[in-house]
Amino acid sequence: MNEAMIRVRGLTKRYQRGGETLTVLDGLELEMQEGGFYALMGPSGSGKTTLLNLIGGLDQADDGELFVAGENLAELDNAGLAHWRAASVGFVFQGFNLIPVLSAFENVELPLKLTPLSRAERRQHAEFALELVGLKERMHHRPKQLSGGQEQRVAIARAIATDPKLILADEPTGDLDRKSADQVLELLGRLNAEFKKTILMVTHDPHAAEAAKSVVHLDKGQLKGIEEKRR
Amino acid sequence: MTKLVWRQILGHPVRSLLTVGAVFVGVFLLCMLRSVVVALNAGVDAASAARLMVQSSVSLFVSLPISYKERIAGVEGVEAISKWQWFGGFYQDQSNFFAQFAVDPVELFDAYPELEIAPEVKQRFLERRNACIVGEQLFEQFRDEGWEVGKSIPMIGALFPHPSGGAWEFELAGTYRSATGALDNRTMFFQWDFFEKTAEQTECGVFVLKVAPGADVSRIMAEIDTLYENGPQKVRTTTEKEFQRQFVTMIGAVPLFVSWIGGGAVLAILMACVNTMLLAARQQVHDVGILKALGFTDGTAFQLMLAQSLTLCVLGGALGVGFALVTEPVLVTLLGTFFPGYAITPETVGLGLGAALLLGLVAGIAPAMSSARLNPVQALRGT
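Protein chains in written order, with the numbering used here: chain E, 1 to 231; chain X, 1 to 383.
One or more of the hints may lead you astray.
List of simulated lysine-lysine pairs, DSSO-like, C-alpha gap at most 27 Å [unchecked claim]:
{"id": "1", "chain 1": "X", "residue 1": "LYS122", "chain 2": "E", "residue 2": "LYS144"}
{"id": "2", "chain 1": "E", "residue 1": "LYS224", "chain 2": "E", "residue 2": "LYS179"}
{"id": "3", "chain 1": "E", "residue 1": "LYS224", "chain 2": "E", "residue 2": "LYS136"}
{"id": "4", "chain 1": "E", "residue 1": "LYS179", "chain 2": "E", "residue 2": "LYS229"}
{"id": "5", "chain 1": "X", "residue 1": "LYS3", "chain 2": "E", "residue 2": "LYS113"}
{"id": "6", "chain 1": "E", "residue 1": "LYS213", "chain 2": "E", "residue 2": "LYS179"}
{"id": "7", "chain 1": "X", "residue 1": "LYS3", "chain 2": "E", "residue 2": "LYS136"}
{"id": "8", "chain 1": "X", "residue 1": "LYS3", "chain 2": "X", "residue 2": "LYS122"}
{"id": "9", "chain 1": "X", "residue 1": "LYS197", "chain 2": "X", "residue 2": "LYS151"}
Hints listed in this document are in silico derivations from the structure and should not be mistaken for laboratory results.
Just so we're clear, the structure is a prediction, and the values are computed from it rather than from any experiment.
Construct all of the structure, not just a fragment, from the sequences and the given hints.
Shown next as structure tokens:
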């Protein structure tokens, strides 16, 4: 039995909107194992992206416990969360979120600048990550010069450059055509299978969810069930 | 991070060029205007405490009898005395204006030991009846027009026309250099005796006194004023600083206005820079969100914005200061007549660069703080 990569206990997140309090996550209980590939599904407003942001340390919960990769995120301040993100998690976003003024290589190298690696080692790591996603020959291209699918693969290379245990993907195929989406899903599957990365992917797309080993269903901020896929 | 700072700057070339250009113009104006103000005050700032000026108590434009010299020189503590007469002529054309004074060479060198002059030039000046010396800058200005040692410089006497109806001919003995701002390097001095005899002059404009070290200046001033209390021509004795200040006072609030213009230019550019940097910060909200998601701290976001502001402003400032230095010789030629001490001093360079640095800091601090405070989730949404 694998260790729990993510352990959520009574997790609550509220937002203030127009003077009203909106409870997005309502005492959520959840556990995800290391090495898993999870698709997080649910209707709009069910709290999927909020949960992903909390697990990724981008936001903080109002209540409850959240242990990710062995760290209690509720105990970390902003700077602590930043350091934790740099070391423990890689993000893949729907809109790719590459920095437009940097080349593909420089985007991938960016998180490596937060590590104690030398320049040569950073270069080696970034090139390896780009090679893994099949874009080494495009490393000097700016995001504008790449297709959407290529941009997303660069974003995946950036997410794995520091070799984090956990990869969080928010609708990674949402802005892609079917062919590019399949390439991205195949890549995420490979990272999970070959490199033992734990992957949590928010998606609306049942086809994308097919790539995952488990599907976590959320509704109104609560867990509705976890569906294990047979392979 | 340095690479990202440069890429963000180069990624918006028009905005960056306009910002650098604005700072460049502002700092250049600041340096130029400050140099004008410094030039206006140069005589005041460099005035010697060991020199006093005796002029008519009525006005500087009223002359004093030369016969006063002996009695004034006899006052205890007066070490040297030099009579000066403003000539008010011009060379070839009225636009070629520069100061000219009739002086006794020996008296001049006694009263102004800081004048640097080659021994052979000094000798020629002392020996030749119609000799003159000119400041180095003045010589350089007219060198191309044929000014040469040993040659004659024809001067039209506006206040003192030559009896022949033609020009005064002064033989150029050489140049001097003033080590202080009390005298500029754009003045012509010629032989008193030649002037006195030719113009049949019996009066002079002012007496310059050099007082003995340790002498009681206040007493000397009071004693000289008392000498002629009952006329025939009352005198007013002032320190050299006070004397120089009256020329600055004559042009009223111009130095103050010039300072305001310089300050106003910098303030206007500051507001433009703040606006530009706030715009840059808004445009980079998403990028800051990405950086924070990757694990960069609030401090890095702060530095990213501040570094861009500082880079743009310091670059513009350095160009402005550089341009001020490069154009200094041209402006000395163009403005030297009115601002003889015009020079971009190391203090002005420091002021220009300091102003640019301050601009960068002030313009960048608010956008930097707003970037640092961004919540990564909101920043990624671009809100």
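Here is what the structure says about each hint:
Taking the CA atoms of X:LYS122 and E:LYS144, the gap is near 75 Å; set against the 27 Å cutoff, the hint is violated. Taking the CA atoms of E:LYS224 and E:LYS179, the gap is about 31 Å. The hint is violated against a cut of 27 Å. Under the criterion of a C-alpha separation no larger than 27 Å, the hint pairing E:LYS224 with E:LYS136 is inconsistent with the structure, at around 42 Å. Distance check on the hinted pair: E:LYS179 and E:LYS229 sit about 23 Å apart at the alpha-carbon level, within 27 Å; holds.
For the given pair, X:LYS3 sits about 12 Å from E:LYS113 by alpha-carbon distance, which is consistent with the 27 Å threshold. Restraint check: the Cα-Cα separation between E:LYS213 and E:LYS179 comes to about 21 Å, which is no more than 27 Å; the hinted pair holds. Straight-line distance between C-alpha atoms of X:LYS3 and E:LYS136 comes to about 21 Å, which keeps the hinted pair within the 27 Å bound. About 61 Å separates the Cα atoms of X:LYS3 and X:LYS122, which puts this hinted pair outside 27 Å; it is violated.
Restraint check for X:LYS197 and X:LYS151: satisfied, since their Cα atoms lie roughly 22 Å apart, inside the 27 Å limit.
Figure legend: structure checked against the earlier numbered hints; hints not met, in rising order: 1, 2, 3, 8.
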